[in-house]
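A.B. asks: Sequence:
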Amino acid sequence: MISRHWRGLAKPAQADAYVEHLRTETFPALKTIPGFISASILRRSQALGVEFLVVTRWASLESIHGFAGEDAEAAVVPREVQDMMVEYDRSARHYEVVL
377 MISRHWRGLA KPAQADAYVE HLRTETFPAL KTIPGFISAS ILRRSQALGV
427 EFLVVTRWAS LESIHGFAGE DAEAAVVPRE VQDMMVEYDR SARHYEVVL
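According to the working numbering, the sequence shown holds residues 377 to 475 in order.
Be careful, since some hints might not be right.
Here are the simulated DMTMM-like cross-link-like pairs (lysine to aspartate or glutamate), alpha carbons at most 25 Å apart as the crow flies [what the hints assert, rightly or not]:
no., residue 1, residue 2
1, K387, E446
2, K387, D465
3, K387, E463
Restraint ranges, calculated between C-beta atoms of paired labels, are given here [to be verified]:
no., residue 1, residue 2, range
4, L424, V452, 22 to 30 Å
5, A389, G442, 19 to 27 Å
6, H470, H397, 21 to 29 Å
7, R383, P404, 21 to 29 Å
8, A405, E438, 14 to 22 Å
9, E463, E396, 17 to 25 Å
10, P410, P388, 32 to 40 Å
11, L437, L475, 12 to 20 Å
12, R466, E396, 32 to 40 Å
13, F403, V473, 27 to 35 Å
14, F403, E446, 33 to 41 Å
15, P388, E438, 31 to 39 Å
16, T408, L437, 28 to 36 Å
Since the hints were derived computationally from the structure, they do not count as laboratory data. Backbone N, C-alpha and C fix where the C-beta goes; we use that ideal spot for every residue, glycine too.
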């Protein structure tokens with residue numbers, strides 16, 4: 377199993393809208409991709425905004441290609457989400473789940 381981690385710093389006024397976007401757009405789409413297992417959103421307030429860590433779990437690295445495309449490490453950040461962010465990672469990190 378692979379855990380995919382992506383981080384973004386949302387504008388304070390856009391933080392709740394970002395969570396809503398994940399709930400109504402991103403997560404329903406992920407559920408249709410073979411090999412997707414689960415997703416979690418972690419959040420904490422920072423001086424410049426609200427930091428989010430999005431953690432998704434996948435059956436394999438190959439299944440992540442169904443979401444990210446050819447470059448599995450490329451972040452998938454729609455224009456709408458980019459506009460909500462102060463900054464965001466351009467790539468995701470992948471970890472093998474061992475326990």
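A.B. asks: Compare the structure with each hint and give your call.
C.D. replies: Going through the hints against the structure:
1. Proposed proximity of K387 and E446 is contradicted: the alpha carbons are some 30 Å apart, above 25 Å.
2. With a C-alpha separation of about 15 Å, the suggested pairing of K387 with D465 holds against the 25 Å cut-off.
3. Distance hint between K387 and E463 is fulfilled; the C-alpha atoms sit about 9 Å from each other, no more than 25 Å.
4. A hinted range of 22 to 30 Å for the beta carbons of L424 and V452 is consistent with their spacing of about 23 Å.
5. With their beta carbons about 33 Å apart, A389 and G442 fall outside the hinted range of 19 to 27 Å.
6. For the pair H470 and H397, the supplied restraint of 21 to 29 Å holds, since their beta-carbon distance comes to about 23 Å.
7. Distance hint check for R383 and P404: the Cβ-Cβ separation is about 22 Å, which falls inside the suggested range of 21 to 29 Å.
8. In this structure the supplied range 14 to 22 Å holds for A405 paired with E438, their Cβ-Cβ distance being about 18 Å.
9. The hint said 17 to 25 Å for the Cβ distance between E463 and E396, and at roughly 20 Å that hint holds.
10. Under the hint 32 to 40 Å, the C-beta atoms of P410 and P388, about 37 Å apart, fit the expected range.
11. Range check, L437 to L475: Cβ separation about 19 Å, and the 12 to 20 Å hint holds.
12. Between R466 and E396 the beta carbons are some 23 Å apart, a value that contradicts the proposed interval 32 to 40 Å.
13. Taking 27 to 35 Å as the suggested C-beta distance range, the pair F403 and V473 does not conform, at roughly 19 Å.
14. For the hinted restraint 33 to 41 Å between F403 and E446, the CB-CB distance of approximately 23 Å leaves it violated.
15. At roughly 38 Å, the beta-carbon separation of P388 and E438 lies within the given 31 to 39 Å, and the hint holds.
16. Checked against the given bound of 28 to 36 Å, the beta carbons of T408 and L437, roughly 19 Å apart, lie outside it.
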